Amino acid sequence: MFSRRALRATSSVAGRLSASKNTASLPRYLATAAAPVTSADSGHKVVVVGAGTAGLAISHQLLRTGQFSPDDIAIVDPAEWHHYQPGWTLFYNNGVGSFSPESNSLTLQDGRTLSYDQLVVASGVSVDFGSVKGLPEALANPDALVSSIYGYDSCDKVFPSVQKLQKGAAIFTQPAGVIKCAGAPQKVMWLALDHWKQVGLYDPSNPASSAIKISFASGLGGMFAVPKYAAALEALRQERNVEGLFLHDLVAIDGNTATFARPDGQDQVKKHFDFLHVTPKMGPHAFIKNSSLANGAGYVDVDDGTTQHKKFPNVWSAGDVSSLPTSKTAAAITAEAPVLVRNLLQTTEGKAPDAVYDGYTSCPLTTEYGKVLLAEFKYGGQPKETFGDLIGFDQAVPRRAFYHLKKDFFPWVYFNNMVNGTWDNARISPDLSALGFITVPDWQELALTGRHLYVCIVAMHKAIQRAPQAFVDSVKSPSHPMAKNDPGALNLAMLHHHQASAAHSMQGQIEKVTAAEPDPRIIGNLALFLSVNIMESAYGKWHAHLQGAKALIDFWRHTDLNLPESCGFGYFNLVMADIYSTTTSPSNHLSPSTVSYHSTYLDEIDRLQIFSFDSFTPVPKEMIITAISVNIHRARATNDTLEICEGIETSASGILEYARAFSPAIWAVEAMAALAETNPSPTPNSLRDVNNLDSWTALAQSFQSATVLYLIWSIPPDERVGGTEVGTWAAARSWAYATLTTAIHDLFERRQKKGSHYKFILWSMLMAGLEAIVLSDHAELVFLCSNLRTLTVDLGVSAMHEAADLLEKTWTRFENREMELELHHHWDEIFADAPLFLM
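Residue 839, in this note's numbering, is where the sequence shown stops; the numbers in between run on with no holes.
Think of the hints as simulated: they come from the structure by calculation, not from any bench.
Bear in mind the structure is a predicted one, so any value in this text is a computation, not a measurement.
Hints may contain errors.
Calculated lysine to aspartate or glutamate pairs in the DMTMM-like style (CA-CA distance at most 20 Å, straight line) [stated by the list, open to error]:
{"hint": "1", "residue 1": "Lys378", "residue 2": "Asp267"}
{"hint": "2", "residue 1": "Lys164", "residue 2": "Asp143"}
{"hint": "3", "residue 1": "Lys228", "residue 2": "Asp128"}
{"hint": "4", "residue 1": "Lys167", "residue 2": "Asp194"}
{"hint": "5", "residue 1": "Lys289", "residue 2": "Asp143"}
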């Protein structure tokens, strides 16, 4: 729950360790050191004070520009222990005694003097445990349930203290003033609350009867500084009945009594506690505060936009020690560092700084086990949300997907990219914003390896937005999935569940790419990518995306480019998605104008001759209309729809043939659902006639049949045609579930490792897991989870993010707390063993 991860970096060890398949058994986060410099090495082009997150990121980014040799850059840091620390340039294992910016030099604590052309100050802040009287003694007392995540020697005491508390008052504090990661004090509280809730010691709905009472005591006036997230967190506090003690600043601890200062000289407040988590005050180190580099508050006085010192133009600062008026987080450094590096390079070439930092920062707030509220904002407390802009997520809503970003991805990307200096490329644009510094090559590598879907999406979006020609060039590589007329390869590169996010971003960028006059084949594959994404988004009823799709279709129609067949295939998917979305809209009605538009789509399908892949036999237009008609019929038949499907027989065998030919098993599902609805008395046997075990196996080979089970049980009763009784559908659903689990068990027994059925088994098991929640089938759930653990070792963690999203939706819908806890248990085991982001 709360842990510390670091290795000791000793000056006697020279060289570099790298994480690879051969070092998989090593701890995930490595600390390394280079040989210490000699007294003769006293002059450097750049001196970086501080070897924390900001110092390492900036020094490595500078080194990777190719404008400096390793001897040009020196890092000064007195710490013996370094956390999350993968590499070094020249290392002075010493502290700074004083700065002399007038003479471009600094003096170390051992008396040595270093000269510099450019100075970067990234020394971080000091955590002052002595700012609270009695706190150091309480932390050192093993019997006192007083702890803090802000100290290496005290963080391991936090969770044992949480576990020891069986009753009484638990207080979590946050001081007035600036601290590292302003959300961390309440992250600890929410995790502790969830633990106490799970073990039966705290009931948010009835705190009076609970063994533990929880209070949040903050020297600030509210839960958070940004209004949007403050409102969400305040609502959460009230919902969970946590006492809010605002403008209460902890100043002393005496036994089990905490003393809080009140503003404006009001009387101090004393509170009894049985458990106390303390966030101490923090501030700049004395050697910064007492120097000519500092402002009145003691921080390095730099310009809010350029990170350049206001008085000394060859002095720069980023990270916690800087005066930049934003929340002090590692996420802020990811945006600050590339701005600083670019502007430093500009000045070395005699140019004015032109990159501007907008205050971007992020705070992933853990609100319970498995869920995170992802706060992202810039100067002025204005939200700047990555996923809010891309896919319409409200990031003030805690989500499991964000939890895995925090728990699994952020540590990985920190070690592999951030402090290595590879999470940036200043050539993209001086306007560097959240995640915008991921480069075109980074996007290509990430897409090919599938290491993390979210980064792929955001990187691709930013790369197109900032450098369309560079993006086009990057996808011309023969090995790139988007340079092939191969929808399958594309789907492997970008997993289908989150493709909708990229669709929304790309629809406004296509014209920019075409303006660069690339190979028409590239245009076609971009179109395919977008269309497949929109097809997937339609099943989530993302109607706004389809409006963009219609506009894009019109753009293609009036373009003279000779679009490839793959574009046509994507075009067909757009038709299907649009009709699906239209017919499942609240109106459930197709207007004559919409029918006319769909007819135009069908004409375009003929013109593009999309059904001519070598591996597929041509399918008659009538079969396409059959699929459309089945889909329309399932939603609600109207007179208007007959203009499209008149004279076409809804044939289950025809749809199954269509599904086998083109692999979109979704349409076979629609046929089965439609036939069941139109049957006067649908029964498990009637479904069995359409979809027997052999059909399940055939659809399994498409790798998409997991959607079958989902659709069968997820269609609300009031959306079904003919007033089909819920009880009958429940029986049909139960049969489908039994059929699927039988197929899973059979395939799992007969599988060949990484054979054709392997991925199907994974996805089907995920869907069966969802159904197990609904049916409260504990035994089957345990079987599925235990075997998921085996499958993910080979298939990678990206698939698990898909499953987590689906499971989260199910938990929310059915509120099966017992099954949720069961799945949490198995899920944590799966993630603990699975290799990170290795598709």
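Hint by hint, here is what the structure shows:
no. : hint             : in the structure
1   : Lys378 to Asp267 : 36 Å, violated
2   : Lys164 to Asp143 : 10 Å, holds
3   : Lys228 to Asp128 : 30 Å, violated
4   : Lys167 to Asp194 : 15 Å, holds
5   : Lys289 to Asp143 : 37 Å, violated
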